[in-house]
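Participant: Construct the entire structure; sequences and hints are all you get.
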Amino acid sequence: MDEPRQPAAIERAPVIEPGYTFGTVTDKISSIVLTRPTSNGWFLGFGITFLLTMMMLFAVGYLFVRGVGIWGVTIPIGWGFAIVNFVWWIGIGHAGTLISAILLLLRQSWRNSINRFAEAMTLFAVSAAGLFPLIHVGRPWLAYWLFPYPNTMKVWPQFRSPLVWDVFAVSTYATISLLFWFIGLVPDLATLRDRSTNRAAQIIYGMLALGWRGSARHWHRYETAYLLLAGLATPLVLSVHTVVSFDFAVAIVPGWHTTIFPPYFVAGAIYSGFAMVLMLAIPIRKFYGLEDFITERHLQNSAKVMLATGLIVAYGYAIEGFMGWYSGNRYDAFLLWNRLHGPYAPWYLALLACNIFVPQVLWIRKLRTSPTALFLISGVILVGMWLERFIIVVVSLHRDFLTSSWGMYYPTRWDWMTYIGTIGMFLAAMFLFVRILPMISIFEMRTLLPEAEVKE
Amino acid sequence: MKRTPVYGMMAEFDSAQHLVDAAHRTHEAGYLKIDAYSPFPVEGLAEAIGFHKNSVPLVVLIGGLLGGLSGYALQYWISVVSYPINVGGKPYHSWPAFIVVTFEMTILFGGIFAVFGMLALNGLPMPYHPVFNVPRFAFATKDRFFLIVFSTDPKYSPSETRRFLEGLAPRSISEVPS
Amino acid sequence: MEEQNNKQHREEVCPGKKDKLDLQTARAQIAGTKGPEYWRSLEELAGSAEFQEMMHREFPKGASEWLDSVSRRGFLKLMGASLAMAGMTACTKQPLEPIVPYVRQPEAVIPGVPMFYATAFTLGGYASPILVESHLYRPTKIEGNAQHPASLGGTDVFAQASILGMYDPDRSQTIAYLGDVRTWGGFLEALRGPLNAQKAVQGAGIRILTRTVSSPALADQLRSVLKLYPQAKWHVYEPVNRDNVLEGAKMAFGQPVETQYKLENADVIVSLDADFLYAGFPGSTRYIRDFAQRRNPDAGNMNRLYVIESTMSSTGAKSDHRLPLRAVDIEIFARDLQRQWQSKGDVIAVEGPGSQATWALKHEYLEMVSSVAGDLKSHSGSSVIIVGDHQPPAVHALAHAINQTLGNVGKTVFYTDPVDANPVDQFDSLKDLVTDMRAGKVDMLFILGGNPAYDAPADLGFADALKNTNIPMRVHLGLYQDETAELCQWHVNEAHYLESWGDSRAYDGTVSIVQPLIAPLYGGKSAYELTALLAGQAEATGHEVVQGYWKKQHPGADFDAFWRKSLHDGWIDGTTFALKSVSLKSAAFTPSPVNDAKAIEINFRRDPCVYDGCFSNNGWLQELPKPMSKMTWDNPVLIGPAMATRMGLKSEDLVHLELNGKKVTAPIWIQAGHPDNSVTVFLGYGRKRAGRAGTGAGFDMYPLRGSSTPWFTSGVNITKAGGTYKLATTQGYQTMDTPEGSRPQVRSASLDEYRKEPGFAREEQSPAELTLYKPYPYDKELYAWGMAIDLNACVGCNNCMVACQSENNIAVVGKEQVVIGRHMHWLRVDAYYQGDRDNPKAYFQPVPCMQCENAPCEVVCPVGATVHSTEGLNDMVYNRCVGTRYCSNNCPYKVRRFNFLLFQDWETPQLKMMRNPDVTVRSRGVMEKCTYCIQRITQHRIDSERENRTIQDGELQTACQQSCPADAITFGNINDPNSRVSKLKAIPRNYGLLADLNTRPRTTYLAEIRNPNPELES
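Quick note, the sequences are listed as chains E, S and Z, same order. Using the working numbering, count along the first sequence one by one with no gaps and you end on 456. Using the working numbering, count along the second sequence one by one with no gaps and you end on 634. Using the working numbering, count along the third sequence one by one with no gaps and you end on 1652.
These aren't lab readings, by the way, just hints derived from the structure by calculation. All residues carry an ideal CB built from backbone N, CA and C; glycine is no exception. A hint or two may mislead.
As the list claims (entries may be wrong) - Just so you have them, the derived chain E footprint on chain S, three or more residues with Cβ under 8 Å:
| hint | segment |
| --- | --- |
| 1 | 481-489 |
| 2 | 612-621 |
Said to hold, decoys possible - One-sided excerpt, in silico: chain S residues whose CB lies under 8 Å from chain Z:
| hint | residue |
| --- | --- |
| 3 | 540 |
| 4 | 543 |
| 5 | 546 |
| 6 | 581 |
Facilitator: Structure (structure tokens):
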């Protein structure tokens, strides 16, 4: 991950524009939540995304009434949009913890101004992801059977199944991310408690702040815990997508059964994660005038991370192709052919374009520093990563071993409604977040100021 | 701590550097029961007030081990002892398959112990605390830095301590009622 | 949709208003009667009209209530009200007359222990001897009668699926007059007057139209009716008839004879457009067995099959050499063949097929003629030529001639009297009827079964005549209120053959008594009873008629024993036809007329699934993939690849078929191996009044069919209609050749190759020790179940699929779901084509669950819903399944089926009665798959343990194995080295499908070995 460091070291664009004091930093960030009036833009955005959320709930409701048959899934393509979206969202959910934990351990101080909402994004992405495994099963009301709980049937989950691993990995990831995020929030909640003028806010923030008072002892334990948590989250974040990739790698389906998956899934996850961070950061810094805190440097570094992970992903594709030919396995060979010439070939080519070719323009410094360009490229990458999961899930399944059992997959309107609905849910949550919580870690920003330096 | 009408004597500073120096001198002056408050973690402040012992890492270690062991034990018991079934010709104790869950449980417990252990050791949550009675203390979460000498300190005396603190050239000094 | 159907159906079941009073009268009338006398007393009462009325009203009402689980209390009330009502409302009561169980189970009815009864299913006049499994008087499954020479345990798809036909909720449930509900009594009265009137004119106005009748009793009755009314006429019509066969026989021998074959004696079999390995061809069940017996390369007596056919058939798929030839050209082939004897020396003076298009095959054609002739010559006396029913008489005559020349008669070919009791030309017979109708000579028309208004040739205009010549009394007896019923004033709901008494002849003439398994669900009448009515015995029951007839045939004291034995065995001793020796009149036959050989030919064939349309409403058959196209629910126009390319057509394109003024628009389907310049259409679809399954499915091809050229004719005009039509195939991509090379799914070799390299099929087999784990010690267990499927024996007849569907309560999902790919068959028969698409090699491969020892599906199931049993079964635990579908994704054989929606019909009461009580009815959201019929395994384990022995090899058969006429499926204990399955698995050509994945499948295949003619192999 330290790939972006060296270039970062060379051109020293500041992580926070000069001229700020503890006070001004505090006021600028807290005012967004406390004093600044809620804009119409916010209401509009929240309104739309909220409606999308409702649409998703409707689609899911109908799903429960009729059964998964309303989706495009069939035999042989037993998994469709649900799993594609699940993997996509989980991947996006990787950036937050990565930024918070790994960059923290790597002392990438520039992370301080983006980690907070990156973590929030992670939480919302993971909850969007978590929805799909639950609703995609044939009998959702029994999905809890995947958890090991004592029961009268005296039966337990089957721990050789990657799906059970998923349950543990994803729930652990969600829990740890939540704790990490909340712990990071506590000092800032204390700030809001003390800054807010209206009673209700004081009480709510006061309760959430757990009576934080910034004692030196507390800070000391706090930092230790935070660091250890980062230390734990780092292998975790790497493991989660590894485990998700096991869903495929452990199976014997051609196109799934490959050892390259774990690293290439993790890289892909970070890839899409950073793309989503940029897609959120760029408009936010614009609308809330946070260019001083989320500076060019942040955009640059994120772009570089995407460039690097993008190349790893490209390597993954290359290896898949190579193995298809080198293994001499007729099924792998056919898989390769089918991706390039089969009925889903356009999707695969689009995938290559989105994930490999387009992002190469990030080599150009000018584009790396242009918010608009980055925003668009990030969008392309997100689409590309979705396509990647679609190719892996659907195209591998639709033509496997016995030619007699080949089939095609056609998503239905219910598939689309559910997918788009989760995007709405995700954004709606983000809107609420920026409105009621400090989207940038205030106390960590303070530490970035020169005054924060002390000598013994 | 035994109840006294006064909780302690608090001095307010306006820079981290100033606070650290003050803390050093107070501690050297023989005050043991002191504490400092800052809007962000200040390097060396804890040492300055003579706080060295930190048991959070131990807690996390215990948590992690507990999680890992219970994770593996759970799977072993379920798959080998409680309800062994022949699944795809694999042995009941297919340890490689059990690694993932073991790992995740380690992380989960470690993390939970880290967070709640830290809070417990910090005595949080604690919505009320005497220092909040000092109006200026509201700035401790913005840009002011505070040093407090607790009235439980053997060396504490309202006049002496105030004089000593004045010697540190704070912005202001206030007595903290308990 | 489904719910609606059920609701509306429930109303149909209980017409009439709820009338408490007649219940009172009922009790009054049967007051004081005790259980035993009760039936007799009821029969006495049966005459009185109002009792009939009451019966009619109350019975279905009670029935519906009883059946509808929701209001079982209603039924109990009824029960309490009257013993009579209880007896009559219960749908599952034993027939009144004593019927005799086939002793394989204890005679006493033990709940949970089924009884088996021998009876016979009749199609096209030919009986298929069957055993019916009955649970507490509910027939649930149909199996072959292993003791009967025409079955030897096998059945055909139509016979097996007929059980669904009996429980069909859309069946006609009342007698109707102009659509209004009437009673038998009412019908009797309405008939009395007109019949008396006919007496005066010797029945000059009476016409009786039946389907092909082979029943001695019914024939006898009809004749007695004709005695009673000398001027009356008995017409016979069935759209799929054997006119040409009888005509051909007349041509050759001057008399109509039935031809039988002994394929076990045949080394060389030449099929001239005869699909003799598929249901519908008389004796196919037996022929399949005999054929398969001679396809065993390890026994070293392999026969050789040449098929010259006009459309791709499963018989053609099994051939060693196949020549696609237009139907019209097959006669030319036959002539050219015959020439090889007439002309001294081996000159091949060839007319050559008429159409240039086919003549493209000149080379293959000549080769085929000469090599077939050569093979036949060298196998005189041990060869046979079989001709398809739809080939013109001349071809049949030619075949007779050649068979005579070769001296096959008496060795492989045998002649007997025709099974058809009234062997007239059926098209002529119908034509005469229509003429009389138009001439106004008909006063009373009795249509006993059949649906001529739908399936009569268009040019006869039967339906029109029925509608517009106002015949005062038109009576239709049928299972459904179908197109014909609509045009008759009177409709009498027919009793299903499983509900009524009868008799019928198998292809060898052996008579089986048809004994009912259950009293008529809707109180229907059989043709016997209706005819009895005409013969002036209004009260005669079917039982009396049939038994009465056989009493005449078998007088004497021992009749009861004779009757009992006949019922028990399923056939009557000594009724098998004696062989006839007939002599050839001449060897030269006038060629049948050909109109414009160059023009495009159209073939009309009976459908492999719905036959002539009589099974349209049978969901099992509708969803049964046709052997070669794997098409369900539809009958597209089959067209050859070359022709399609030439015309720029793709599968599913809609085309107009125009033939002498008639026009039908239908989609096409490109059928590999179909001859050029010719198309094939299947009859039996496009029904308008079939029921929930059949109505609207497919396209009605009868309008194109002419009575003079019922089977094929040229001059059809095909034009692109524009637009496409979605077709539902269960197997989209039917080749093993992928761009990255061929996949060895079906392993095959020629006999010589096999002899050279016996182990050819086992390459890629991964060694057993290829695992890090210690394998589970299955060899320590008492049983380890395994299956071996002989691809060489399998003829792709689909029997196993229907058997499985019936045994395991498998749901029918409907066309839309099949299109998506959600059909539920646990066992499928894959068909693969290889090589030249215009004349490919074709293979069949039945694929049940492989029961892999290293099952990939199990490892990935998160809840342990599919796990392994100690006997090596891959068990599926329905109520543990949460439906992640991961197992299906990870199943390399894709044999798992998922209930994406609520596919099972949980509403319709009749279907509830039909289900196998030993098998769970799966609900929405769970995975299901083949279990090796675990319910049967368990049953036999319990029995054997009770008798404190182990399960004997062969006593335990899976449903698919049992139904297989070819004996291609063998199931048993692979821990017993002497079991048949173990021995088969030891044969070198035994291989595991995708065994290189190290799944260690318990189901293995015996590679297919062809026996090509060396001459043609170059």
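Participant: Should the interface hint for residue 540 of chain S be scored as holding, given a Cβ-Cβ cut-off of 8 Å against chain Z?
Facilitator: violated (10 Å)
Participant: Do at least three Cβ atoms from the segment 481-489 of chain S come closer than 8 Å to Cβ atoms of chain E?
Facilitator: violated (count 0)
Participant: Go through the hint on residue 546 of chain S and say holds or violated, using the shortest Cβ distance to chain Z against 8 Å.
Facilitator: holds (6 Å)
Participant: Minimum Cβ distance from residue 581 of chain S to chain Z below 8 Å?
Facilitator: violated (38 Å)
Participant: Go check the segment 612-621 of chain S versus chain E for me, would you? Three or more residues, Cβ under 8 Å, otherwise it fails.
Facilitator: violated (count 0)
Participant: Checking hints one by one. Is residue 543 of chain S an interface residue toward chain Z, by the C-beta closer than 8 Å rule?
Facilitator: holds (5 Å)
Taken one by one, the earlier hints fail for this structure at numbers 1, 2, 3 and 6, listed in ascending order.
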